Amino acid sequence: MTNSFVLVGNVASPLKLSTSPAGVHHCQFSIEHRSIQVEDGLNRQAFVRMKVVATGEWSQRLASELIEGMQIQVTGFINRHESRTGNPVLALHAQQIEMI
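Mapping to my numbering: the sequence shown position 43 is 573, numbers consecutive.
Any given hint could turn out to be false.
No farther apart than 16 angstroms at their CA atoms in a straight line, the calculated lysine to aspartate or glutamate pairs in the EDC-like style are these [as the list claims (entries may be wrong)]:
| id | residue 1 | residue 2 |
| --- | --- | --- |
| 1 | Lys-546 | Glu-598 |
| 2 | Lys-546 | Glu-569 |
| 3 | Lys-581 | Glu-562 |
| 4 | Lys-546 | Glu-587 |
| 5 | Lys-581 | Asp-570 |
| 6 | Lys-546 | Glu-595 |
Don't read these hints as lab results, they were simulated from the structure.
It should be emphasised that the depicted structure is a prediction, and the values quoted were computed from it without experimental measurement.
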């Protein structure tokens with residue numbers, strides 16, 4: 531099955547770096563996207579704010595490269611996470627991040 535996702539937007543939160551007990555590095559932040567999309571011949575405002583998770587050694591470099599407000603393109607896949615209150619949250623797991 532296919533699960534691929536590309537989103538262009540702005541970094542919308544400070545980057546949070548962490549390391550799992552197994553020693554795996556993670557970087558988390560939010561991306562915010564706003565655009566006008568055409569749906570059935572009509573203009574529609576599209577807005578989404580989504581959690582982004584980058585995993586692995588490369589994720590630690592993001593802290594020095596990304597700043598809030600910067601426009602980026604994130605390519606990856608979506609996955610379900612749970613909030614601290616147990617509510618489901620969609621997260622974009624980044625496989626590539628490009629500064630625009």
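Tell me, which hint numbers fail for this structure?
2, 5
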